Amino acid sequence: MSSKSDAKQEREIKIVGFLCNWCSYGGADTAGVCRFRQPTDLRIIRIPCTGRIDPLMIVKSLIQGADGVLVSGCHPNDCHYAVGNFYARRRMEVLKRFLPYMGFQSDRFRYTWVSASEGQIWQQVVTDFSETIHRLGPNPGLHQTVDSAPAVSWF
Amino acid sequence: MRIGVFICQCGTNIAGTVDTRAVAKKAMEFPDVVFAVDYMYTCSEPGQKEIQDAISSHRLQGVVVAACSPRMHEPTFRRAVKKAGINPYMFEQANIREHCSWIGTDREANTRKAIDMVRMSVEKLRRNQALFSTQVAVNKRVLVIGGGVAGIQAALDCSDGGLEVVMVEREPSIGGKMAKLDKTFPTIDCSSCILGPKMVDVAQKENIRLYAYSEVEAISGYIGNFKVDIRKKATYVDWNACTGCGECTQKCPSKKAFDHFNEGLGATTAINIPFPQAIPKKARIDSDYCRYLTGGKCRVCEKICPVKAIRFDMKDEIVTEEVGAIIVASGYDLFDARVYGEYGGGRYPDVISAMQYERILSASGPYGGHIRRPSDGREPKEIVFISCVGSRDISVDRPYCSGICCMYIAKQAIMTRDHIPDSNCYVSYMDIRAPGKGYDEFIRRAQEEYGVKYIRGRVGRIYPRGDRLVVQGADTLLGVQVEIEADLVVLATGVECSAGARPLAEKLRISYDQHGFYMESHPKLRPVETNTAGVFLAGVCQGPKDIPASVGQGSAAASKVQALFSRDTIETDPQVAHVNENMCIGCGKCEQVCPFGAIRMKTLRDGSRKSEVLETVCQGCGLCNATCPNKAIQLRHSTDDQILAEINTLFD
Amino acid sequence: MDDKTNALREHVKGIFSNLELVLGWEPGYDPLHTRPFYVRTESDIDRLTANCLSFQNLTRYLAKSMNAVDPAADGRKIGVCVKGCDSRSLVALIQEKFVSRDRVYVIGLPCRGTLDARRIRALVPDPARIRSVNAEGDELVVETDRGISRFALDRAIARKCLQCRYPNPVIHDVLIGDPVTPRLKIDAENPSVAAVEALSLEDRLLFWENQLDRCIRCFACRNACPLCVCQNHCIMETRMPKWITQYRNMNEKFMFHMIHALHLAGRCTECGECERVCPVGIPVALIKEKINAIIYEMLDYESGIDPEAVPPLLTFSPKETGI
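Chains as they are written, first to last, in this note's numbering: chain U, 1 to 155; chain G, 1001 to 1652; chain B, 2001 to 2323.
Please keep in mind that the hints were generated in silico from the structure rather than gathered at the bench.
All of these numbers come straight from a predicted model, not from anything done at the bench.
Yeah, the Cβ is synthetic: ideal placement off N, Cα and C, and Gly gets one too.
A couple of the hints might just be wrong.
With a straight-line Cα cutoff of 25 Å, these simulated PhoX-like cross-link-like pairs (lysine-lysine) come out [what the hints assert, rightly or not]: (1) B:K2064 x G:K1610; (2) G:K1507 x G:K1602; (3) G:K1205 x G:K1560; (4) B:K2077 x B:K2097; (5) G:K1227 x G:K1610; (6) B:K2097 x G:K1610; (7) G:K1453 x G:K1437; (8) G:K1507 x B:K2097; (9) G:K1177 x G:K1233; (10) G:K1232 x G:K1308; (11) G:K1227 x G:K1082; (12) B:K2097 x G:K1602; (13) G:K1232 x G:K1315; (14) G:K1281 x G:K1251; (15) G:K1507 x G:K1177; (16) G:K1183 x G:K1453; (17) B:K2064 x G:K1602; (18) G:K1545 x G:K1198; (19) B:K2319 x G:K1507; (20) B:K2077 x U:K96; (21) G:K1507 x G:K1198; (22) G:K1610 x B:K2242; (23) G:K1381 x G:K1453; (24) G:K1297 x G:K1255; (25) G:K1297 x G:K1233; (26) B:K2242 x U:K96; (27) G:K1308 x G:K1255.
Far from chain G, some chain B residues (derived; all Cβ distances over 12 Å) [stated by the list, open to error]: (28) Y2038; (29) R2040; (30) D2102; (31) R2248.
Sequences are here, hints too, so could you generate the full structure?
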């Protein structure tokens, strides 16, 4: 991964998408079948269920240099495995609120619920998220060395 | 590993916006790739042949196909590589059509994206393992939960197919809601005349074991091998001895017991047989009303009973049955009309529910089939039916249509006009929903032949005036306010999920929607399956429906069970979780979160606790994998290493 | 913690015949330390100490001791000394079924704070000369070979103690000494977390990078954590799955601490042991404290309070109110 100093401003934006097989992956298929035009930055990883998501996968992606991470699964109550997305929702929301504390831009991570029939909604989600990421620009990644840092005193 | 990569052009579907040749050329640079080619239609017969030839000529150990969605052709290609001698799980499919070529027109960007997708698939494939299904024996017995018409149909069909059936019914008799009906729409044939013989069949079939007045206590196991604990609730009567002669019900001094079968319109005795056609026709003591069980004195029935069947010391009993499949036909409840305070249901004795009216109409009902008002026994002349009481109303959290009310109102109105020719029937409705064979014609008959007056609009309020009821509402077609002085008001209460639906779903590990109706695997294509293998649905527990649809679903569920049982063993999906025992710390978090009860803890000889996956129960969701702190439990074919490799390869 | 050594010894003497062993502290190798101590015999009791230096969270050793004792033995329990913070770890271990409540005898010690050896060194330039330290009221009395000096106690106690909300054990079979008043209310904002959040997003990243850059991945924080139950089966050390490489760079250091923090999400009881043992002085607990704050705000849950509760990330609610 590139450090801040040598980040190429022109490099291609890459967004990692974790999509549950039953709903959102199907929704992305539906969007394709309907030829709903979408930005090309998304790289989809197919997982069985959002319950399979360990928030650390999202952290790993961001640290490795992903410009954005999009997780999408079945709507709450519609999980193929009944409850997987309920667990995922809690875990991902905790992560989303935690990321900025560590200095990550939390806008680079988003989770949504899109069903297999919602091709149009999928198109909107991808378009909107890609625009957000393009606005943020490439993920500068972590600094490999720190010359000066702000001091924090608590007591 | 020696990997072959096949890039499908899909005619111009992919090649139109992706340079497939460039993708294939680039793929040759990826690790372990020894062969890469693009082809016009990879899924076609010659396309599959090309893969199979390459497998033998290049000694391939794994195959990546970049083509359409794996939801479309993964099974096709898995079969193709299997035929060529490779394990079907040594295959990965990159979706460069739906997720790439079809959604963008920038050929260069699409090509770069396709290259990334192929690279991800290659990196995943490099970490694939050959997987093998296992065979488990099937216990060819089926449990039917619920003895309404759907459950009865399912049980009889299974029984006819030679299967052993265990039926569990919560009430003292089977028959469900249909047994309470007087007539059925749109043919006005007698409900108990068509249901009765089926109920008798259930009792007489030797391969049906009926547990009435029993409930499912717990379910464990998995498809082919479920273990079910059934709670036989105490009836205080030994049903093996009871002949159903009814002597006890004649002499029982406690005559004010709530009559469930007659919807509380009449009273029955503390020891009772719910209705004359009950199956099983056995007496039961209602412990809330029995003088001996509440007050400690009486025991009249015990003295009367000619076969000495009374057992005051009877306790609930748990029995265990083993079955291979489960059909859930647990039925529904009717909406409690008291929620609408403005209608006065429960406050005014002459505002009744449609099911109560059904009992009034019935010859076996509390008034012997004569239509009378519950308040004073007078024959009503002006009768108002109000539809959509607890249907299509977001304010009471019932946004759905119950589907049957329009029809049964028409039926009840027709029968009212039949019984009392000089009566007036009014129906206050929102819309008429009558899709079904002969249904719309039936509504028209009610309107035209029987002169039932249909008024479109909501009733706002009902209040008493003298011994009558004033029904105030609007006629939205004429745009006027309407006021009718009625003798009797019938509320068409809607369908809602059974009170026990949610706890039962938890035991079965099936999902339910926000209103408590059970979820089918696919709303169109898999309407009677659930996502828990081996559990099937029939009847209104899945959603509101009428008798023909319930019966149809009962038969459909039975045929699914028969198809399942037509084999002696079932093949399991090998994409399930697996525990690395060396790493497992036995914390049990996987067991805690598993939605299917597919994980259990075991103790090794050294005393250490380890988790263990029941591979036939595991559905492969991976929740355990995500939860396991040190990733000792891995979902096969979707392991951490595979997902991490897909991430890492994007940012090398 | 005020010196409770005598009261503790007296109590243990009275009940020791009913106990298999007692986990406590004994004087350490210098006047600034105590160390964990297993009381196995009657004569060991007089080595027990309990004072402002009793900083170790002994529940860390408990899960192991439970297994070390034959469960068939005459039903004698294991005694364990806990401060307020330690007791929460114990509750969390009971929740996760690593410890069964009926097998432990919990000796609760209300605590006004434990000393931070690093901060004492900042007060006393030459710690080698220290002969004894003692908390007297709000003062820390340090006796060196040059005489006695007094400091405000708050200048010497650990960060976690200055923001302590649970100074009194939440479960105990006996309480030695009187309960003390918490420094912060239960729902008070965490002042250290607030201090980090006062920085801009960019500065926060720089702050953490600067802190975590020092990390040598010695795993001391992990080993000291009572709830890092995987210990030597940790994914930080396994190659399969390979979540983390052995490269010594910022990415891997960051990843390591994110793993540690997220594994404790909804479980960390803020005992501060990870931070205390860090040889390079990274405020490791500060990472987890934020996650705790999120979970408290979002799911109204605090770890280590109710032994019957299910950790929030191991359960769900179909209707989430906080999300």
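Hint by hint, here is what the structure shows:
1. B:K2064 x G:K1610: 16 Å, holds
2. G:K1507 x G:K1602: Distance of about 22 Å is within 25 Å: holds.
3. G:K1205 x G:K1560: 21 Å, holds
4. B:K2077 x B:K2097: 16 Å, holds
5. G:K1227 x G:K1610: Distance ~23 Å between K1227 of chain G and K1610 of chain G Cα, so the pair holds.
6. B:K2097 x G:K1610: Measuring from Cα to Cα gives roughly 14 Å; hence the hint holds.
7. G:K1453 x G:K1437: Cα-Cα ~23 Å, so holds.
8. G:K1507 x B:K2097: Answer holds: K1507 of chain G to K2097 of chain B is near 24 Å, not above 25 Å.
9. G:K1177 x G:K1233: Holds, because 21 Å separates the two Cα atoms, which is no more than 25 Å.
10. G:K1232 x G:K1308: Holds, because 20 Å separates the two Cα atoms, which is no more than 25 Å.
11. G:K1227 x G:K1082: 36 Å, violated
12. B:K2097 x G:K1602: 14 Å, holds
13. G:K1232 x G:K1315: Holds, because 9 Å separates the two Cα atoms, which is no more than 25 Å.
14. G:K1281 x G:K1251: Measuring from Cα to Cα gives roughly 18 Å; hence the hint holds.
15. G:K1507 x G:K1177: Cα-Cα ~24 Å, so holds.
16. G:K1183 x G:K1453: 21 Å, holds
17. B:K2064 x G:K1602: With a Cα-Cα distance of about 19 Å, the restraint between K2064 of chain B and K1602 of chain G holds, given a limit of 25 Å.
18. G:K1545 x G:K1198: Status holds; Cα separation ~20 Å.
19. B:K2319 x G:K1507: 20 Å, holds
20. B:K2077 x U:K96: 43 Å, violated
21. G:K1507 x G:K1198: 29 Å, violated
22. G:K1610 x B:K2242: Roughly 22 Å separates the two Cα atoms, so the pair holds.
23. G:K1381 x G:K1453: 14 Å, holds
24. G:K1297 x G:K1255: Holds - the C-alpha atoms of K1255 of chain G and K1297 of chain G are around 15 Å apart, at most 25 Å.
25. G:K1297 x G:K1233: Between K1297 of chain G and K1233 of chain G the Cα gap is close to 23 Å, so the pair holds against 25 Å.
26. B:K2242 x U:K96: Holds - the C-alpha atoms of K96 of chain U and K2242 of chain B are around 24 Å apart, at most 25 Å.
27. G:K1308 x G:K1255: 21 Å, holds
28. Y2038: Nearest chain G Cβ is 21 Å from Y2038 of chain B, so the label holds.
29. R2040: Since the minimum Cβ distance to chain G is about 21 Å, R2040 of chain B lies beyond 12 Å and the statement holds.
30. D2102: With a cut-off of 12 Å, D2102 of chain B remains clear of chain G, as the shortest Cβ separation is near 18 Å.
31. R2248: 18 Å, holds
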